[in-house]
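Take a look at the letters that make up each chain.
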Amino acid sequence: MLLSLEHLHKEYPGHKVAVNDVSLDIEAGEFVCFIGTSGSGKTTVLRMINRMLMQTSGTILINGEDTSKLDPVKLRRKLGYVIQNIGLMPHMTIRENITLVPKLLKWSQEKRNTKAVELIKLAQLPEEFLDRYPSELSGGQQQRIGVVRAFAADQDIILMDEPFGALDPITRESLQDLVQDLQQRLGKTFIFVTHDMDEALKLATKVVIMDGGEVMQIDSPENILKHPANDFVTNLIGEERLIQARPSVTSVGQIMLKSPIYITQDQPLPVALKTMHKSRVDTLLVTSDNRELRGVLDIETLNDEFNSGKTVGDIMDDKVFYVFEQSIVRDTVNRILKLGYKNVPVVNKDRQLVGIVTRATIVDMVYNALWSQDEDANDQTQIGNKEADIDD
Amino acid sequence: MISFFQANGAELILKIWQHIYLSFISLGLGIIVAVPIAIGLTRAKKIAGFVIGLASVLQTVPSMALLALMIPIFGIGSLPAIVALFIYSLLPILRNTYIGLNNVDPSVLDAAKGIGMSNMQSIIQVELKLAAPVIMAGIRLSATFVIAWATLASYIGAGGLGDFIFNGLNLYRSDLILAGSVPVILLALITDYILGKIEYVLTPKSIRV
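Chains as they are written, first to last, in the working numbering: chain A, 1 to 392; chain B, 1001 to 1209.
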């Protein structure tokens, strides 16, 4: 375990409890978002990790080492730190700013210069910026520097305290992308405090929801959307987001039509025509005897080859686009819409045909997502998201 | 004019030297004492009001009275004068240093601490540099005060350009008064100019106005 918080408790004089019994294990490479209203204790937890604040009781272990026994200054040099107000040194150039921690660690000038160039590239800013002063950069550019400064000495854990709270939405999004990219590329562990739910859901692999100093729920973004632990969490996520989130957490299996029209590959063509006629469709899915999906047959091909005496398997198009039952609707919707398919067969793990998603099904989904605030009950059954009533 | 210099030139140079000696030693001591106290006060804000208040009270003691009070303690000569001038130099430096340090953006301090600067590194590499213009303004103010008030030191036998002025007043000789006061004015102006240059050098490039 990279980082363990054990029964953290923080009390200010006058018995004001800021954080109460917070325990959490964080593995290397995780992106943990603390979210909550003001005064929920999320920033307090973050600042206890790098000992900007000292807990009243409880322990913090980094790689099994109790941080309260370490020198706080040395500890902080090992943890990246990004704050909301950026906090670049106004009297230092960007180069001096991003290599401040390496300088404190007494790296050679040469090594620091190499690092500075590397970091400015990570920040996706031009190299000339290295010799400018922070005041010559825009707020968003400054915070890019603030973010990469946290990586300067190869810190494994990066602490971020509402780093993008003061930026406009467009800049904020580009910085979120930067952080996401850095996490995926460098595999660092992030502890990120925010009050923006969209930000948390976008970035986190694990979301910690806090209220009044206590943890309300710790889970993956998907599970929090699927199973909010209590009313506070539901409120914090917001009704609208829960509804909009449904396509992203619903699996294809939940929305597909379960009786696709199909034919086995050894059937003669007249049978295929009859099936089409009877079911009033212009395309048939072709399967093997054990319902394994093999291809697709449309009416034009059937017409051309009708008198050739071949079987369905001979003339079908075996390049068929399909999705898996367990995959998430959101991805499927995009592919169906972008590629222009009228419908997409759904298969299980063994490639056996189990259903079909048609454009009509997707229209229903979109309709429900946009209108279901009025018709919530109706919507629930339609999507089949019955677990939305939480009791587990 | 020429005959005046012929008669008093050597003495004038001696008095100017005494004046510089008195005021610069006091000012130097003022800086050495007030700056560290002010830094300490930013770390102990609860007593800051009290200490700065005390320095303000000392400032209000009439200068003649303060010089006179020094005699029973330190006798006469340059020592009591230096102590008195030193006390006067404290307040502007103390107050400006405290204000300058307090005005450093808290998020910069939070970042400095958070990325792993020790208290000392934060003070030297960040706080004093950013507060330099305000601290220097206090030092320039103190320098002007001290150079002006050093004339009074002549009363307790410390010498300096005050000797010329008081002789001139006693003998009704305006040439002696001028010979004392014009160098004091020039000394104050030149010192302020030099300190201004030092301020420019000490102020980080990016925050120069």
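Treat the hints loosely; a few may be bogus.
What the hints assert, rightly or not - Straight-line Cα separation of at most 27 Å, DSS-like style, residue types lysine-lysine; simulated pairs: (1) A:Lys-115 / B:Lys-1045; (2) A:Lys-16 / B:Lys-1205; (3) A:Lys-121 / A:Lys-103; (4) B:Lys-1045 / A:Lys-78; (5) B:Lys-1129 / A:Lys-115.
Hints in this document: simulated from the structure, not taken from any laboratory.
Practice prompt. Mind listing which of the numbered hints don't hold for this structure, in increasing order?
Written response: 1, 2 and 4
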